[in-house]
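A.B. asks: As a plain string of letters, each chain reads:
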Amino acid sequence: MSHSEDLTLLFENWKGRIETLMREHPLQIISWEATRRCNLKCLHCGTPSEEVDNAEELTTGEAIGAFDEIARDFDMSRFRHINITGGEPFIRSDLLDVLRAISRWPFYRNIDIQTNGVFIADNPDILKELRGVGVTGLGISIDGFESTHDSLRGIQGTWAKAVNAAQLAVEAGYVVTVSFVAHSRNIHELSAFHHFVTDEIRPRVFRVMFIDDQGRARENDDLLLSSVQVREVIAFLKREHERSCRNYSDPSASMVELGCGGWLGTELEGRVRPFIFHCIAGLNNLGILYDGKLGSCNNISRDFIQGDLRYERIKHVWGSRYLPFRETEWRKTGPCYKCREWDFCHGGPMHKWRPNGSNPGCILINCQILRAPLPSTFCTSNIHAEFVCPRTQVR
Amino acid sequence: MPIKTQPSSKVKEHDPACDHQQSSVDEVLKFKKRMLEWPNPVEYVNNMYGCHPDDDDNEYFRVIFAK
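Top line first, the protein sequences correspond to chains A and B.
When we follow my numbering, the leftmost residue of the first sequence carries the number 1, and every step to the right adds one.
When we follow my numbering, the leftmost residue of the second sequence carries the number 396, and every step to the right adds one.
Using C-beta positions, here's what the derived DEER-type ranges look like: (1) Thr8/A <-> Ser419/B: 18 to 28 Å; (2) Phe145/A <-> Asp421/B: 30 to 40 Å; (3) Asp421/B <-> Pro124/A: 42 to 52 Å; (4) Arg104/A <-> Asp421/B: 42 to 52 Å.
Restricting the straight-line Cα-Cα distance to at most 27 Å, the calculated cross-link-like pairs of lysine-lysine (DSSO-like) are: (5) Lys462/B <-> Lys238/A; (6) Lys428/B <-> Lys15/A; (7) Lys41/A <-> Lys293/A.
Derived from the structure by calculation, the hints contain no laboratory data.
Quantities reported herein were computed from a predicted structural model and do not represent experimental measurements.
A virtual CB, placed ideally from N, CA and C, is assigned to each residue, including glycine.
Based on the provided sequences and hints, a complete structural model is requested.
C.D. replies: Right, dumping it as structure tokens:
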């Protein structure tokens, strides 16, 4: 059997397993948006605090209660981990109290926190305490070298703190991911910064994500990348993956990956990051948003909220709703309609989708990675007229 | 009998860099196949959402990227 026949068959089998996951939707990950409050005000933030009513934030008791309810109601045998995001999670002064309470459950002892690193740098002793309450991983955002990073955050000194926090976390034995959001003002330093990170921080993962057209980035759209720039980033990742992936079996090696930017096509998937991508939002990933609303990742439009833990049983919501996440035909429209990659990506990452059925962000199509250039008349604003969203059943 | 040789312009010179490049691509494809064979199709995506590529004692990486 040739290489390509072999791969075709393997992709077919992989696709079947994805369909099983969509059907069975076992709970494996909880993404908890602990707060929307933040001590920084990044120009590219996808989940800014000013868009929401922070008074609605879950109380300590409500947050603990939600995790306890899940622990009692769900089959947790396949559960993997809790991913805590924000805002800035450490802004919550009760974060340790919540973690202390929930980590008494054995399956809640594999927790990671996405942070800007400021609190850790200012309070390095927290690293000892976090270990005791089930935290094993830390994701720290650093978007380039000092002047680039600080100018984006509007506060001098945040870069030094983020780097320091990441170094301390690695030293303390956490699994550390350094996340880099690629945008127009930092991609010129991507390669040099990657070297800096692998030499000076040595995290397990250097993750590159594409800036998304949402949150504050919408107001700062000069930060968005052109198709050419996106292709440059992908080329960088492919090169680095090819150069270093043979060392990935060594847990001390630093890996490079593209975060959930989207499906890259059967040719490139598995060659620019150490996995084949499929969005897991709502499939095995339950999101508890800052105010107790139930969705998935917090960068997904709140129009896709499926329930409210303050008024409903979480298991009931998870078991009986989430149709827009699991029944994806409504997304098969516009550029996805006859896309040959549809069966593999089902429309790509959920956070790219808008409730009106538009998706401004397929990197495969927009960047013409595998395809001929799109015609100049192509326009995404009028090609979604026929979609039907299963949540609203509104045409 | 004289040995026939190809004109020098037609002889493909051996380029060790090309060999290295080819073996690197072969290796990447070998790893990609293993990713596709992994029983849980979103094994790593699960971990990517957090910071735990090393869940299960690094098994995914030991198997996928074994030389």
